[in-house]
Amino acid sequence: PIQRLSVKITGGGAVVETRRGPLEVSVVVIRGLGYVIDSNTLMRRVSVLRILEREGKAAINPVDALLNCRNKLETIYLLAKAGIPVPPTVVTEDLYHGYVAAREMGKVVLKPIQGSRGFGAMMFEDPEQAFQVMRTLLITRNPLYIQKYVEKPNRDVRIIVVDGRPIGCMYRVSASWKTNIAQGATGVPCKITPELEEIAVKATETLGLIYSGVDIGEGREGYMVFEVNASPDWRGFKQATGINPAVYLADYIHRATKI
Numbered sequence: 004p005i006q007r008l009s010v011k012i013t014g015g016g017a018v019v020e021t022r023r024g025p026l027e028v029s030v031v032v033i034r035g036l037g038y039v040i041d042s043n044t045l046m047r048r049v050s051v052l053r054i055l056e057r058e059g060k061a062a063i064n065p066v067d068a069l070l071n072c073r074n075k076l077e078t079i080y081l082l083a084k085a086g087i088p089v090p091p092t093v094v095t096e097d098l099y100h101g102y103v104a105a106r107e108m109g110k111v112v113l114k115p116i117q118g119s120r121g122f123g124a125m126m127f128e129d130p131e132q133a134f135q136v137m138r139t140l141l142i143t144r145n146p147l148y149i150q151k152y153v154e155k156p157n158r159d160v161r162i163i164v165v166d167g168r169p170i171g172c173m174y175r176v177s178a179s180w181k182t183n184i185a186q187g188a189t190g191v192p193c194k195i196t197p198e199l200e201e202i203a204v205k206a207t208e209t210l211g212l213i214y215s216g217v218d219i220g221e222g223r224e225g226y227m228v229f230e231v232n233a234s235p236d237w238r239g240f241k242q243a244t245g246i247n248p249a250v251y252l253a254d255y256i257h258r259a260t261k262i
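Everything in the sequence shown is counted per the working numbering, starting at 4 for the first residue and increasing by one.
A couple of the hints might just be wrong.
[Unchecked claim] Straight-line C-alpha distance at most 25 Å; calculated DSS-like pairs for lysine-lysine:
no., residue 1, residue 2
1, LYS181, LYS151
2, LYS194, LYS181
3, LYS181, LYS155
4, LYS75, LYS205
5, LYS241, LYS151
6, LYS194, LYS241
7, LYS151, LYS110
8, LYS60, LYS84
9, LYS151, LYS205
10, LYS194, LYS155
11, LYS11, LYS84
12, LYS194, LYS261
13, LYS60, LYS110
14, LYS181, LYS261
15, LYS261, LYS60
16, LYS75, LYS110
17, LYS75, LYS11
18, LYS155, LYS205
19, LYS205, LYS110
20, LYS181, LYS75
21, LYS205, LYS84
22, LYS205, LYS194
23, LYS151, LYS261
Since the hints were derived computationally from the structure, they do not count as laboratory data.
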């Protein structure tokens, strides 16, 4: 785990070490930054990965792309800028703006600006209830990430993309409004339509990712991208589809790095 990587600064640069000595690898597959409790920890871990890149190691996914996805504001901005459909969203530290957004959007979802697997996401139909929670979030120094709730079937679509092409697709079916596998949803294989393929590949490329998990909702106005995960958990995907993304990723690494 990244917690056990240390950096030794030398006259000629830096050496990244494990407890057994220098990290002797050509490729680093980043499966996340681990549990981060504060900005100092996050900064250190990001710097370790950047140093590995600068010392000639191939990072998959690239660190900048990983950070694009870790920050939901950055993610949704880049997607929207590229013309990819996303839900209406307001991100603010101002309680008044947050309340107005909840009132105008109607049914809203509050999410942590960093987070995954649906943890911490809350849905509100009453703007007054949303206001009380938003006030508490701001008191505890958490910015507000407010997204219009997209009415959809009891499912969304998860597509895994590796090296510019989708390798498989599943519905995540749930009795709850949360369709994350970690929240109890069930994976069911589905076919990738040309439109879904185009959206998933474009979202992945827009964020600079080599591999990704793209979550797409089937809204009344068409498809919308909910999330793009730079280190998707693919156990549920593998169980649902029989496809192992690790095999495709290993093949990409072999072709791209000649190892």
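Original post:
Which numbered conditions among the earlier hints are violated in the structure presented, ordered from lowest to highest?
Top reply: 5, 8, 11, 12, 13, 14, 17, 19, 23
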